[in-house]
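Q: Chains as they are written, first to last, in the working numbering: chain S, 1 to 424; chain L, 1001 to 1424.
Hints in this document: simulated from the structure, not taken from any laboratory.
Check each hint, because a few of them may be wrong.
[Said to hold, decoys possible] Okay, the calculated bits of chain L under chain S, using three or more residues with CB under 8 Å as the criterion:
id : segment
1  : 1120-1128
2  : 1181-1191
3  : 1387-1398
4  : 1404-1416
Backbone N, C-alpha and C define an ideal beta-carbon position, used for all residues, glycine too.
Each chain, written out:
Number of protein chains: 2
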Amino acid sequence: MNAEIITIGDEILIGQIVDTNAAYIAQKLNTIGIVVSERASVGDDAAQITRSIEQALGRSSVVITTGGLGPTKDDITKTTLTRMFGSRLVNDPKVEEHVRRMMAQRGIEFNDLNRGQAMVPECCTVLFNAHGTAPGMWFERDGKVVISLPGVPFEMRHLMEDEVLPRLKSHFALRAVVHRTMITAGLAESMLAARIANWEEALPPYLKLAYLPSPNIVRLRLSAYEVEGETVAREIDRQFQKLHDIIPEYIVGYENDSVQHNLHEMLRENGLTIAVAESCTGGNIAAKFTAMAGASAYFLCGVTAYANSAKMDILGVKASTLEKYGAVSEETAREMAEGVRRISGADLAVATTGIAGPTGGTAEKPVGTVWFAVADATGTTAMMRNSGTDRGQIIDRATAYAIEMLSKRAAALAAAKEHTETNK
Amino acid sequence: MNAEIITIGDEILIGQIVDTNAAYIAQKLNTIGIVVSERASVGDDAAQITRSIEQALGRSSVVITTGGLGPTKDDITKTTLTRMFGSRLVNDPKVEEHVRRMMAQRGIEFNDLNRGQAMVPECCTVLFNAHGTAPGMWFERDGKVVISLPGVPFEMRHLMEDEVLPRLKSHFALRAVVHRTMITAGLAESMLAARIANWEEALPPYLKLAYLPSPNIVRLRLSAYEVEGETVAREIDRQFQKLHDIIPEYIVGYENDSVQHNLHEMLRENGLTIAVAESCTGGNIAAKFTAMAGASAYFLCGVTAYANSAKMDILGVKASTLEKYGAVSEETAREMAEGVRRISGADLAVATTGIAGPTGGTAEKPVGTVWFAVADATGTTAMMRNSGTDRGQIIDRATAYAIEMLSKRAAALAAAKEHTETNK
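Chain S on its own, in the form it takes in the complex (with noise of 0.2 Å):
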C-alpha cells in the first residue's frame, strides 16, 4: 500500500528549514508495511495545499500532512483541510480543556488565538496531542485517509507512535517492506559494483539493490516492498552471506553498526583507551567519539594541533621535523600521534596533518593530501590519503580514515590482549 508526504510551510520552501519530518515519518511507515512513493512541500497556500494533496489521494491510500497548524494567520492548514473537505470548524471541549491546561502551566493567558486552536473540522477523528496545543487530524474520503499533524518535530513523534501507527495497522491490511543495508569500506563504487556484477545480476527480482557511497565507505542496501517481511529477512541474509564469500575484506557492518561504533563498542568491552592528535580534521574526531554516550570510558583527550607552536610545545614534535619535513608529513604525523600518546596516557593514539584548503596547497603536497599515523605500545605505523578537493570534505574524509585506522589497529590489540589473557 502506497503513502505520500507532505510537508507544508513556507519556511522549507526558502530552505530556512531542513525538513526532518518527511525522513521520521517515511521510516515509520516502513515500519508496518507502508511505501512511501511520493514526498512533496509546497508553501502556507491553500490553493497549492489543496492540489496537491488532491494529486497524491489521486495516487496513494494515504496522504500525511504536516505543518500550517500554530495559531496565527500564517498557518492555513486546518481550514484548508475543512474546505476541501466540505466541511465546518466547531470546538472540541477535549481539546480546549487541554489547551487551557497547557496555557496555565505556562502561565500564560487564554486567548482568542488559543481558543481557535480548539477549533477542529467537525468530520475529522481528533489525533490527541498531549505534547501541544495543536491536535492532529484523520479524514476518510472514499477509503482513503488523509492525516494533518502538527509541523513541530516531537510533537509530531509522538502523534505518529501514540495515534497514527496503530490507527493505520488497524484501518489496513499490510504487508511488509524491508530493508537491511551492509557497510562496505575501502573499495571505490565503481570498482565494488564491478566486483560484485555476477552477484547483482542473480538477485531475485523482488530485491532491489541500491549504492550508498560517503567518504571511504559504501552502503549497500537491499531493499523488498509489499512482501512477505520473515522470508523475505532470510533471504537477504542469505543473499549478504554470499556477499561475504565474494568481499570479506571489505565488510565492516551493517547499518547502524558504522565502524565508529564499532570501535566505541570494542574499546570499552577491552578497556582500551584513546588519544587523538588533530591538525586538518580539526577537532572532528575528537567530537564524532564524544557525541557518543559512554566515550568518557576510553577517550582520554584530543589534541587540535593548528599552530606549529602547538604541534612543538603540547605534542612535542621536534622543531627539526617540521623545518625539515613541513607540518604535513609523516614525520610530523608520527610524532604527533606518539606526543598525545605519552601525554595522555591512552593505549592507543591516532594524529592526522594535512591541507584542508582552499589555499595552502603546492605541486609536491595539493589541497587534500593528509599523512595519518597511529601509535601504540608496538610501534608507529602512517600512511597518506587525497582525501579530496573540498575543505569539507577533506575534513569528513580524513576523519573516516583516522577512525578506520585506529579501528583496524584497535582490532588487533584486542585480539593480542585476548590471546595473551587466554595464554596466562
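Given chain S, put chain L in place with the hints provided.
A: Just chain L, lined up with the frame of chain S:
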C-alpha cells in the same frame, strides 16, 4: 520567476537520509531572486521521474533535480532525462579525461562504469563537476530549463555556486526575493501574535509574515517575492524598527548574522588568536572554527581534555581543584581556560566543562549543567548555563554559549586594542 526542486532517490523515500540538498538549493535560488514554489522527492523510477519533471515544467520555468547520477545500475536519472529530451548518450572527452584523472589520483582502475559516467546526453550543456565524477547537466525546452545535479551534497553545492547560479542569472531577467528574520525570546507565540496584531494588520500587502516557534524562541520572518530588492529591504528595516518600539524587551537578535562568522572575521581583522579547552563539548568548538577556511590565521589549538588526567597533565588544572570542586565546576572551567591560554600563547581562550549525559547527573549538578570560562590578559570570567536534556542538544547549545561568550570578550578586546592604538 518560479522554480521547483526534485530530489531523486529511494533512500530519501524510505527515510534513510534526510534531504538537505533541497533546502540548500532553495536558499541559493532565493539569493538570486528565484522563488521556489514546490519541492518533491521521487524514487529511482523512470516513469515517476519523468512524470514529476513534466508536471513541474508545466508550472515553473526552472526545474532542478539532484541524485541518481552515480555509476551503478540503481542510478537512472541520466538515461531517463536522455529519453525524456529525445536525445542520445555520447562520450564527452573532457569529462572522460577528468574522470580518468580522478580515478588515477585515488589509485582506482578506470572501468566500464566510469566510462559510462563520461557519457552525456547530446542535447545538454555539460556542467563541469570539478569535485566528482558525475557531471551536471543543463537542458532547455521552450525557454524553460531543467538542471540535473549529483546528489552528493558538496558536489552539488560547488556546481550550484560555480555553474548553476551564474548561468541562471544570465539566462533570465530576475527580480529579488527578500527574507529577514527577527528573533524574539520570552513571549509565547499566541501572546506575541496578540501583542503585535495591529502592526501585523498594517503591513504592506507584499510583505508576508511568518511565525516560527521553537522552545522559548519565536522567530518572525518577513518575506517578499519578486520585488525591487533594496527598496523592500529598507521597508522591512522600517517595519522591524516599529516592532522595536512595541516589544523592545523581547527582541534578541536577527538571523544569519551568525555569531561565529562575525567572530571569525573580527579575529582575523584584529590579529587576535584563540585557543579552546573542551570537556563536555568534546572537540565540537574546535571543529566549528576549523571548518571555516582561514581559521588557521587565529586558531592556535584546542585541547579536548575528557579525562581528569588530561585536565591536569596537559592543561595544568590542579588536582586539589578537581578534588574539592569536581570536574564540572567554575574553578575547573577557569583553570582550563587559563591553562590552554598559557600553553598556546593565545590572546583569548574559552573552556567548557559539563555533564552531557545521559548518565553522570546528580541532584546538585543535573545532566545539562555546563560551566564556561573565558580568559585573556585582563583576567578570567566564568558562567554556568543549563544546556538541555539530550546529549546532542547539550553539546550544540554549550558550543553556541561558548562561542557567544568568546565573541563578547573578543569584541571588548578589539575595542580596547583600537582605543589603545588610536591614543598612541
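Q: Of the numbered hints stated previously, which ones are contradicted by the structure, given in increasing order?
A: 1, 4
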